[in-house]
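Work out the full structure: start from the sequences and follow the hints.
Here numbering that gives the first Met the number 0 is used: the first residue of the sequence shown is 0, the next is one more, and so on.
Source of the hints: derived by calculation from the structure; they are not laboratory data.
Computed from a predicted model, the values in this text were never measured in an experiment.
Hints may be right or wrong, so weigh each one.
[To be verified] Label-pair distances were calculated between CB atoms; the ranges are:
1. H121 - S21: 34 to 42 Å
2. K22 - E99: 36 to 44 Å
3. H80 - K31: 25 to 33 Å
4. K83 - M0: 28 to 36 Å
Each residue gets a CB set at the ideal place from its N, CA and C atoms; glycine is no exception.
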Amino acid sequence: MKTLLHVAATNGHLAIMEYLISKGAKPDVKDKKGRTPLHRAAEKGHGDAVKVLLRCGASMYSLDKEGKMPLHVAAQNSHGHILKVLLVNAGAKVNAVTKELVTPLHVASQRGNNEVAQELLHHKATQRCSE
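As structure tokens, then:
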């Protein structure tokens, strides 16, 4: 079930997100697709919303039902600025894998997102199929 926190994160409404969390909303709550508010903010490219959620304890390693983490979702949607927040500010693992062992670099390459792929390579993403 999509929560108000999912809606606020999807739309980048920071004050509403902070209010909901202050009233007990859980930053890692999942919708029916297994996506957290962090997945939604990463998908829509809301960098400040990503920062708020991380500051409030959201897990950057939470998997949705497709096995994707927010890092993969950002790569899939060409949001290099979100990748920077997750990699630099939050210390996400650049070679994090889905259930199918797909890395963010694989996702970006499959989508033809050259700028995102270059950003990931800049952060030492591996080009091998397995580590």
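Violated hints, by number in ascending order, as checked against the structure: Per hint list: zero violations.
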